[in-house]
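Trainee: Take the given structure of chain A and dock chain B to it, following the hints.
Line by line, the protein sequences give chains A and B. Residue numbering for the first sequence follows this note's numbering, starting at 1 and increasing by one per position. Residue numbering for the second sequence follows this note's numbering, starting at 306 and increasing by one per position.
Some hints could be false.
Between beta-carbon pairs, the in silico distance windows are [stated by the list, open to error]:
no. : chain 1 : residue 1 : chain 2 : residue 2 : range
1   : B       : K620      : A       : W140      : 33 to 41 Å
2   : B       : E452      : A       : R104      : 49 to 57 Å
3   : A       : L11       : B       : N633      : 38 to 46 Å
4   : B       : E450      : A       : F71       : 56 to 64 Å
5   : A       : W145      : B       : E673      : 54 to 62 Å
With a straight-line Cα cutoff of 27 Å, these simulated DSSO-like cross-link-like pairs (lysine-lysine) come out [unchecked claim]:
no. : chain 1 : residue 1 : chain 2 : residue 2
6   : B       : K580      : B       : K698
7   : B       : K524      : B       : K494
8   : B       : K621      : B       : K722
9   : B       : K513      : A       : K280
10  : B       : K693      : B       : K494
11  : A       : K280      : B       : K550
12  : B       : K551      : A       : K280
13  : B       : K656      : B       : K693
14  : B       : K651      : B       : K675
Heads up, incomplete: computed chain B residues facing chain A, CB under 7 Å, no partners named [as the list claims (entries may be wrong)]:
no. : residue
15  : D504
16  : D531
17  : G536
18  : Q539
19  : G562
20  : V565
21  : K572
22  : T577
23  : A578
24  : A579
25  : I715
If you're looking for bench data, these hints aren't it; they were derived computationally from the structure. Positions of the beta carbon are idealized from the N, C-alpha and C atoms, including for glycine.
If you want the building blocks of each chain, they are given just below.
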Amino acid sequence: MESLSEFGAILLMQGFNGLSVFSVLLLMALGLALIFGQMGVINMAHGEFLAVGAYTTYLLATLVQTYVPAFAPYYFLFAVVAAFVVAFALGWLVEWAMIRHLYRRPLDTLLATWGLSLIMQQSLRSIFGPREVSPEMPEWLMGSWQPMDGVDIPINGLFVMVLTFLMTAGLILALFRSTWGLHVRATVQNRAMSGAVGIDTRRVDRLTFALGCGIAGIAGAAFTTIGATGPTSGSLYIVDTFLTVVFGGAASLLGTVASAFLIAQTQSVSEFFMTGSMAKVLTLTGIVIILMLRPQGLFSIKTRK
Amino acid sequence: MARKPELNDDLISPARRRMALAMAALPLMGVPVLSRAAGPATATVNTTGLSVTDTEVVVGQLHSATGTMAISETGSIQAERLAIEQINAMGGVLGRTIRVIQEDGASDWPTFAEKARKLLVSDKVATVFGCWTSASRKAVLPVFEKENGLLYYPTFYEGLEQSKNVFYTGQEATQQILSGLDWINRETKAKTFYLIGSDYIWPRTSNKIARKHIENVLKGEVVGEDYYPLGHTQFGSLINKIKLKKPDVIYAIVVGGSNVSFYKQLKAAGVTAAKQTLLTISVTEDELLGIGGENAEGFYSCMKYFQSLDNPNNKKFVEAFKAKYGANAVIGDVTQAAYLGPWLWKMAVEKAGSFDVDKVVAASPDLEYKEAPEGYVKIDPNHHLWSKTRVGKIRRDGQFDVVYETPELIKPDPFPKGYQ
Numbered sequence: 001m002e003s004l005s006e007f008g009a010i011l012l013m014q015g016f017n018g019l020s021v022f023s024v025l026l027l028m029a030l031g032l033a034l035i036f037g038q039m040g041v042i043n044m045a046h047g048e049f050l051a052v053g054a055y056t057t058y059l060l061a062t063l064v065q066t067y068v069p070a071f072a073p074y075y076f077l078f079a080v081v082a083a084f085v086v087a088f089a090l091g092w093l094v095e096w097a098m099i100r101h102l103y104r105r106p107l108d109t110l111l112a113t114w115g116l117s118l119i120m121q122q123s124l125r126s127i128f129g130p131r132e133v134s135p136e137m138p139e140w141l142m143g144s145w146q147p148m149d150g151v152d153i154p155i156n157g158l159f160v161m162v163l164t165f166l167m168t169a170g171l172i173l174a175l176f177r178s179t180w181g182l183h184v185r186a187t188v189q190n191r192a193m194s195g196a197v198g199i200d201t202r203r204v205d206r207l208t209f210a211l212g213c214g215i216a217g218i219a220g221a222a223f224t225t226i227g228a229t230g231p232t233s234g235s236l237y238i239v240d241t242f243l244t245v246v247f248g249g250a251a252s253l254l255g256t257v258a259s260a261f262l263i264a265q266t267q268s269v270s271e272f273f274m275t276g277s278m279a280k281v282l283t284l285t286g287i288v289i290i291l292m293l294r295p296q297g298l299f300s301i302k303t304r305k
Numbered sequence: 306m307a308r309k310p311e312l313n314d315d316l317i318s319p320a321r322r323r324m325a326l327a328m329a330a331l332p333l334m335g336v337p338v339l340s341r342a343a344g345p346a347t348a349t350v351n352t353t354g355l356s357v358t359d360t361e362v363v364v365g366q367l368h369s370a371t372g373t374m375a376i377s378e379t380g381s382i383q384a385e386r387l388a389i390e391q392i393n394a395m396g397g398v399l400g401r402t403i404r405v406i407q408e409d410g411a412s413d414w415p416t417f418a419e420k421a422r423k424l425l426v427s428d429k430v431a432t433v434f435g436c437w438t439s440a441s442r443k444a445v446l447p448v449f450e451k452e453n454g455l456l457y458y459p460t461f462y463e464g465l466e467q468s469k470n471v472f473y474t475g476q477e478a479t480q481q482i483l484s485g486l487d488w489i490n491r492e493t494k495a496k497t498f499y500l501i502g503s504d505y506i507w508p509r510t511s512n513k514i515a516r517k518h519i520e521n522v523l524k525g526e527v528v529g530e531d532y533y534p535l536g537h538t539q540f541g542s543l544i545n546k547i548k549l550k551k552p553d554v555i556y557a558i559v560v561g562g563s564n565v566s567f568y569k570q571l572k573a574a575g576v577t578a579a580k581q582t583l584l585t586i587s588v589t590e591d592e593l594l595g596i597g598g599e600n601a602e603g604f605y606s607c608m609k610y611f612q613s614l615d616n617p618n619n620k621k622f623v624e625a626f627k628a629k630y631g632a633n634a635v636i637g638d639v640t641q642a643a644y645l646g647p648w649l650w651k652m653a654v655e656k657a658g659s660f661d662v663d664k665v666v667a668a669s670p671d672l673e674y675k676e677a678p679e680g681y682v683k684i685d686p687n688h689h690l691w692s693k694t695r696v697g698k699i700r701r702d703g704q705f706d707v708v709y710e711t712p713e714l715i716k717p718d719p720f721p722k723g724y725q
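The shape of chain A in the complex, shown without the other chains (with noise of 0.2 Å):
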């Protein structure tokens, strides 16, 4: 029955890959989830964070193996933390300089966060030159794992899907279990209400931006393994990132969560049996029927209106 256990060998694989894309999708929407869907702010520079996240992992690849190649094996899981930091701290600087101005005009952020992206594109550009680079990986990461016959599993994917997994859950616990996510829960529900008993918005709103923006970073560090690093990198993951958000109630970190992952399936599923233009068009068909049938997403937090 060898034909039966290789079809078996495609099919585990398969779902693995369905899992796999469903981690990616939802690491680079759990940063815009937190924007968007806490603050109302349409970040379209959400992948240029992504690409700094990038470059960050390959100026630290280049440093290491320059310095201490003996450090080289080890350097990615830094790198992750160097990511979240600089991406971190360039959301900060970007909240304090033009987001914060802008927080009762959101047709106008989604225009100044567009005008920002391509300032970051260019800068890349003009900073790391226009061709893509391509960070030194650890080999560990790169290959792949063969827990039987016939069925490799990428190792790169079981990294980001572990990835995705401590991102969310930490990103749930923050919210939910955590004096910062009362505050932000709070600021969502009754801004007025909440500067009224104490609440710093203002401080909230920064921290959200910027830890929102650091999750995109850890995202960028993360694709490095599956993906390309270059100025323009981050908006090849825009678009799917803004689906899924919409998709699943932008309000709803839950929704982001089930959006991500219908998506995931239905491209993942479709793709398998036809060409990838038409998995794609099948499934961007599938959103927008759903969307006029659930304006509000797949969940949505009901409030008093």
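Mentor: Frame of chain A; chain B shown alone:
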């Protein structure tokens, strides 16, 4: 009474003004008194009002220095600059130094058309070196044809085009595709192929040609053909399909950021050269910078030029390129093709003894360029180049080992019969 007003009158007297104007106009009229040109008189080499003086000829450069395409076009900009610098160091063209006006197409096709019009109509450039994507070339083509300009286009492309106003210094599709497929069929006895591409005109047209050749000439079978949107980043499902179909050869034409995802994910899924033959026509030294040689080691790429080509012309070229752009600079197929442009133009101008576009075009067919880094090339009357095709095996360091080279130059055939 003071006579000051009279002095002023004198300074701007109509007679003096006329004289000054006439003197200023002297160089424009090519009056030999002031001419320092070593070449023939301007009036004879430029009868169509191009921007040519006794000492200078102006040319245009039109690529994307910003935007998504900058990643690819930077190499072409650099190579054309190098060639022009070298030509100037040798005394220029017809005794005139080349001056470059560089415009930025900014990865936006309407911008390309607008800048092309500016170069031809306002700057009156003698020729333009530029474009990279077929989309940008198609956008500027009507402008070049209407204004009777001249364009040297460097990229390998899908063919099915030929214009009086364009010279194509890269390969058209059949030149690049057919001998590569023949080689892999001979070497590995490959019979089954899986065709993959990004979803736009070049990969689709190229795969159409490849499929016809595989089915009609090689008597092989295409077991799958898939296209993915530009910028697609997840290839897991595709890789599983490939594992299911077990083709002898994966034939890949994936471009841009997708390219990097594709090869990294192939490697992570255990699809490496040790187990699977892969032939591509979209990976040069430039793309390997982003992919990383270690992620595509042992796969084959089919091009007319590789940086590692072992001939004296190429050694000189690579040395000059690195001297100008740094020791880490890499040179891909298109970069070399872009380098040919200024040289082919110089040769045609000198053969014609004129910068006039019609005369340059008329002088071009059958021109031979023996110092090309890729080796000997020749311009065909159909405005494409005769060239050899080579197969390179990807090395860990991002360079290629050239494993095959066609014995003869291949005639360009932009409108191949039986492949449409």
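Trainee: Could you check the structure against the hints above and give me the numbers of any it violates, in ascending order?
Mentor: Violated: hints 8, 22, 23, 24 and 25.
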